[in-house]
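Chemist: Chain by chain, the residues:
There are 2 protein chains.
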Amino acid sequence: MSNRKSGTQEIKVVRRVLDANDIMAGQNRRLFKKRNVFVLNMMSSPGSGKTTTLEKTLTRIMPEIRSAVIVGDICTTNDADRLACSGAPVVQINTDEFGGDCHLAAHVIEKALDGMDLDNLDLLIVENIGNLVCPAEFDIGEDCRVVVLSVTEGEDKPAKYPLMFRECDAALLNKIDLLPYLDYDRRAAVNTILQVHPGMPIFELSAKTEEGFEPWIEWLKNKVKSKVGAK
Amino acid sequence: MSNRKSGTQEIKVVRRVLDANDIMAGQNRRLFKKRNVFVLNMMSSPGSGKTTTLEKTLTRIMPEIRSAVIVGDICTTNDADRLACSGAPVVQINTDEFGGDCHLAAHVIEKALDGMDLDNLDLLIVENIGNLVCPAEFDIGEDCRVVVLSVTEGEDKPAKYPLMFRECDAALLNKIDLLPYLDYDRRAAVNTILQVHPGMPIFELSAKTEEGFEPWIEWLKNKVKSKVGAK
Chain G
1 MSNRKSGTQE IKVVRRVLDA NDIMAGQNRR LFKKRNVFVL NMMSSPGSGK TTTLEKTLTR
61 IMPEIRSAVI VGDICTTNDA DRLACSGAPV VQINTDEFGG DCHLAAHVIE KALDGMDLDN
121 LDLLIVENIG NLVCPAEFDI GEDCRVVVLS VTEGEDKPAK YPLMFRECDA ALLNKIDLLP
181 YLDYDRRAAV NTILQVHPGM PIFELSAKTE EGFEPWIEWL KNKVKSKVGA K
Chain X
1 MSNRKSGTQE IKVVRRVLDA NDIMAGQNRR LFKKRNVFVL NMMSSPGSGK TTTLEKTLTR
61 IMPEIRSAVI VGDICTTNDA DRLACSGAPV VQINTDEFGG DCHLAAHVIE KALDGMDLDN
121 LDLLIVENIG NLVCPAEFDI GEDCRVVVLS VTEGEDKPAK YPLMFRECDA ALLNKIDLLP
181 YLDYDRRAAV NTILQVHPGM PIFELSAKTE EGFEPWIEWL KNKVKSKVGA K
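Taken in sequence, the protein lines are chains G and X. Quick note on numbering: the working numbering labels position 197 of the first sequence as 197, and the sequence is numbered without any gaps. Quick note on numbering: the working numbering labels position 6 of the second sequence as 6, and the sequence is numbered without any gaps.
Everything labelled a hint here was simulated from the structure, so no lab data went into it. Only a predicted model underlies this, so the values are computations on that prediction, with no experimental measurement involved. Honestly, I wouldn't trust all of these hints.
One copy or any two copies: either way a pair holds, since identical chains are not told apart in the list.
Taking lysine to aspartate or glutamate and the DMTMM-like style, the derived pairs with C-alpha atoms no more than 25 Å apart in a straight line are [unchecked claim]: (1) LYS208 to ASP185; (2) LYS208 to ASP19; (3) LYS208 to ASP177; (4) LYS208 to ASP183; (5) LYS223 to ASP183.
Chain G with its partners taken away, still in its complex shape:
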């Protein structure tokens, strides 16, 4: 998102925007801590399977983990409509109203919290705008960040979009049901992720068939419980 004609002036502008965002993200983080809610920020390219992954995830963790979702899209309420079927409260943010933002910023999350019953919530999932670049630059006050990468996107994306993979706490390698039909080097993909982010937990799964889903669910449950266990 750093836009500038040439040189330092526009970089300063971007710094100011990010500084302002960090202040708002800090406020969100304090609120989430006070209310004892674990917040997960899920990011990816468009069409890598965030929504299907969340549908299947919510089915498996609710009602044990009381969950809600904030869904970011530029336009449409397609994803919110799908996720609402899980029974979880869903808030749709359309950044079209804010000029078509390419990411969710901390102040947008703060607005989306209005009317949300945080006291009766363990987990708030934010499904970010489909974009492998800009959302990684914006802290929203979350506890944990996860990136979803579809195997159809190729093995080299972590090297080409390193900030996203550096900033996230885990990677979901999705759509492994399509592996028999792709020229895809699974080991190369994993190695590329680990080169960018040594030790990163990687879950190879298919949101469609739910193959490989259990380790991801266990990891997420443990993360949530480590914060809100005593609620």
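On the provided structure of chain G, position chain X as indicated by the hints.
Modeler: Quick look at chain X alone, frame taken from chain G:
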């Protein structure tokens, strides 16, 4: 890419950046017209198949159409290395050096032209950063914009990322070789594109198998010849 804390101040900042970009894009456009070079800006999500599409396209149009490529990535020279095999001159831009920009701006294109022999060129292809949002906002002085959408990304992406589809002159629906393995409604995808951009030319193809490639090549050749035919 429009970033703001709240309200109008940051919108003004973004407007200024876009105004400055438009001026530089105008300079590029006049240069391309003077040198009689047709410029194609190719955009898409990460991993939708831009590079493979270009590899196969260059093989089919060269040497009849003398072509060069400017490749934008945040990091790595993977795509430039692949495209250089075509024999076309390739310039790699790594926006990492500019702070990790999420798009190619007009001034970056202007710098990449340095040393390029425009007089002996019919077609300059710009492979933009993999991002379905921000690149659509930045004019680089091109004659034509094309968006590549992989069928693995789902049918609803044109509705969710409308600016990209509105701004582009044609859409390539790529990876149709995977259709037998996907729950994909081809008609719904095409209808969604046409709702966002009535009359948009759509080429359903596979860059891997080259199925459906001919109509796209013919369309591109005609576009180029309509500008540089008399060169």
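Chemist: All hints are to be evaluated individually against the structure, with a verdict given for each.
Modeler: So, going through the hints one by one against the coordinates:
no., hint, result
1, LYS208 to ASP185, "both (21 Å within a copy, 16 Å between copies)"
2, LYS208 to ASP19, "neither (39 Å within a copy, 44 Å between copies)"
3, LYS208 to ASP177, "both (8 Å within a copy, 19 Å between copies)"
4, LYS208 to ASP183, "both (20 Å within a copy, 10 Å between copies)"
5, LYS223 to ASP183, "neither (34 Å within a copy, 33 Å between copies)"
Comparing the model with each earlier hint shows violations of hints 2, 5; every other hint is respected.
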